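*Asks:* Chains as they are written, first to last, in my numbering: chain A, 1 to 293; chain V, 294 to 547.
Each hint should be verified, as a subset may be incorrect.
[As the list claims (entries may be wrong)] Among the chain A residues that face chain V by a calculated CB cut under 10 Å, a handful are:
no. : residue
1   : I178
2   : V180
3   : V191
[Unchecked claim] Within a straight-line C-alpha distance of at most 20 Å, the following computed SDA-like cross-link-like pairs (lysine to any residue) qualify:
no. : chain 1 : residue 1 : chain 2 : residue 2
4   : V       : K380      : V       : I464
5   : A       : K111      : V       : I464
6   : A       : K113      : V       : H350
7   : V       : K380      : A       : E184
8   : A       : K195      : V       : Y309
9   : A       : K112      : V       : K380
I should point out that these hints are in silico values taken from the structure, not numbers from a laboratory. Here the structure is a predicted model, which means the values were calculated and not measured. Don't be surprised by glycine CBs; every beta carbon is placed ideally from N, CA and C.
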Amino acid sequence: MENILEDNIRRRALRNRRFKWLVIAGSIVTVTPIFLIVINLIVKGARQINLSFFTETSPDTFQAMTATANGEIIPGGIANGLTGSLIMVLIASALAIPTGLMTGIYLYENKKKRYASFIRSLAEVLQGVPSIILGIIAYIWIVKGLTKGYSALAGSIALSIMMLPIIVRSTEETMSMIPVQIREAAFALGVPYYKMIFRVLIPCSFSGLATGVLLSLSRILGETAPLMLTALGSPVMSLNVAKPSSAVPLLIWDFYNDPNMVNMVWSASLFLMIFVLSLNLLSRSISKKRKYI
Amino acid sequence: MTDTPILTIENLSISYEAGKYAVKSVSASIREYAITAIMGPSGCGKSTLLRAINRMHELYPDINVTGDIKLNGESIFSLPAIELRRKIGMVFQRPNPFPNMTVYENVVAGYSLNGIRLKKSQRDDIVEKALRSVTLWDEVKESLYRKGTFLSGGQQQRLCIARAISFNPKILLLDEPTSALDPIATSKIEDLLGELRKEYTLLLVTHNMSQAARISDDSMFMYMGELIEKGHTETLFTNPRDSRTEAYLTGKFG
């Protein structure tokens with residue numbers, strides 16, 4: 001009897017150790033690629049990043065070729081991509097944030113209504129739609145229908161449709177984390193419904209809402225496929241939303257297609273990754289600060 | 294304390310779904326400037342009854358309320374919500390100060406959230422008066438502009454009472470206001486309720502019999518949605534008429 005028990009315990013301890021090593025190995029396999037990517041980007045891309053990288057538009061092939069041939073760093077930068085991204089993200093946010101917030105609040109307030117669950121499942125479907133298809137939709141609606149040509153506006157629309165389900169979902173989730181007592185407190189003071197939403201519920205859940213918005217931003221910042229069909233890309237800085245525009249991920253694609261500019265690929269990617277990463281970290285630090293939800 | 298009823302409940306029934314009644318044709322009158330305790334085991338409908346008095350059930354469309362409640366002879370269902378809730382304030386089981394507001398803002402929330410504009414001096418007066426009457430002023434006067442959620446549980450609950458009385462209501466509804474608090478905070482709130490009784494009519498839901506015995510003037514005993522017995526607390530505790538009241542008071546169930 002004693003023997004059997006001891007045997008059993010020994011075997012279990014062994015199995016425990018084996019499993020522990022398996023888990024450690026798995027985590028190493030997961031993080032290794034991330035480190036490799038970061039190291040690769042820094043080694044190959046950091047050299048190019050200086051002030052003019054942010055203030056100058058992308059170089060032409062000839063400039064890049066001579067610079068590479070002479071072993072110098074490639075002149076020019078990603079300014080056209082930065083302004084393009086900024087404008088498109090701004091328009092997309094202006095469209096998607098209010099719409100998404102309102103939809104999310106509606107879904108939360110009318111949880112059980114059939115129409116609400118229909119909208120909720122539509123939002124879920126929208127989240128699963130491949131981004132290139134949203135690009136095609138924006139191409140048909142805006143590029144062919146409205147601006148009669150590739151435009152920043154079309155890109156913005158495609159991006160805003162991508163943001164929408166993320167914001168709707170995070171809004172509904174955040175709202176449902178507000179204790180019902182807070183709503184009742186407002187109600188017991190005779191506060192009208194819309195004031196309860198704007199003066200109590202939204203301020204109370206501000207950090208959660210901000211997190212959702214930031215996550216949706218970091219999601220669309222790297223989107224390339226829908227922009228290829230809509231904003232197309234442009235070598236110049238343009239503030240005209242009816243004209244084609246560049247964006248940072250589009251520039252990366254352009255750089256990649258030019259054998260002389262490979263180094264720019266690394267720099268632009270490094271910048272984009274750091275930017276998106278900081279957005280993610282920011283949203284995490286905001287959501288950590290939540291006290292009452 | 295007077296013998297005039299300030300509130301009369303007439304044949305009130307409340308159902309959460311068709312045919313299932315949480316409160317069954319309850320009629321009662323509540324005396325002015327008294328503490329009336331509503332007791333009963335869990336699920337007896339005492340909170341449901343209390344929440345009908347300031348029409349809290351309107352927040353949930355599935356709930357059906359029939360019968361009438363009259364405040365000084367006037368049906369509460371004919372009053373605009375904001376006016377009704379200025380007359381009947383409510384304090385909840387768990388302290389629920391608005392987490393996005395400071396102590397100061399919480400006290401005047403009833404005014405600011407309803408778009409009632411006040412001068413700074415008026416607001417200062419209301420805040421000081423309300424916080425003094427809940428004996429919180431000395432504890433928080435240095436931190437009026439910190440978030441209300443930084444206070445301790447007992448302080449938060451007193452803050453919520455201050456928020457409710459800042460409107461100067463006639464009636465204060467209290468839904469198990471001490472059940473989430475420790476004994477010291479509880480006794481502070483109980484002392485406070487005794488003080489508040491001089492200016493307000495208090496309706497207190499409690500599952501704590503000794504609390505009802507300690508502080509209430511009148512008591513109501515509810516069981517399975519029905520009002521079984523109502524009377525002076527002393528009479529009800531020493532000489533209950535109904536066998537179910539006696540069984541509850543002697544701890545046979547509940």
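*Asks:* Does each hint hold? Answer for all of them.
*Replies:* Consistency of the hints with the structure:
| no. | hint | verdict |
| --- | --- | --- |
| 1 | I178 | holds, 9 Å |
| 2 | V180 | holds, 9 Å |
| 3 | V191 | holds, 4 Å |
| 4 | V:K380 / V:I464 | holds, 6 Å |
| 5 | A:K111 / V:I464 | violated, 33 Å |
| 6 | A:K113 / V:H350 | holds, 19 Å |
| 7 | V:K380 / A:E184 | holds, 17 Å |
| 8 | A:K195 / V:Y309 | violated, 27 Å |
| 9 | A:K112 / V:K380 | violated, 33 Å |
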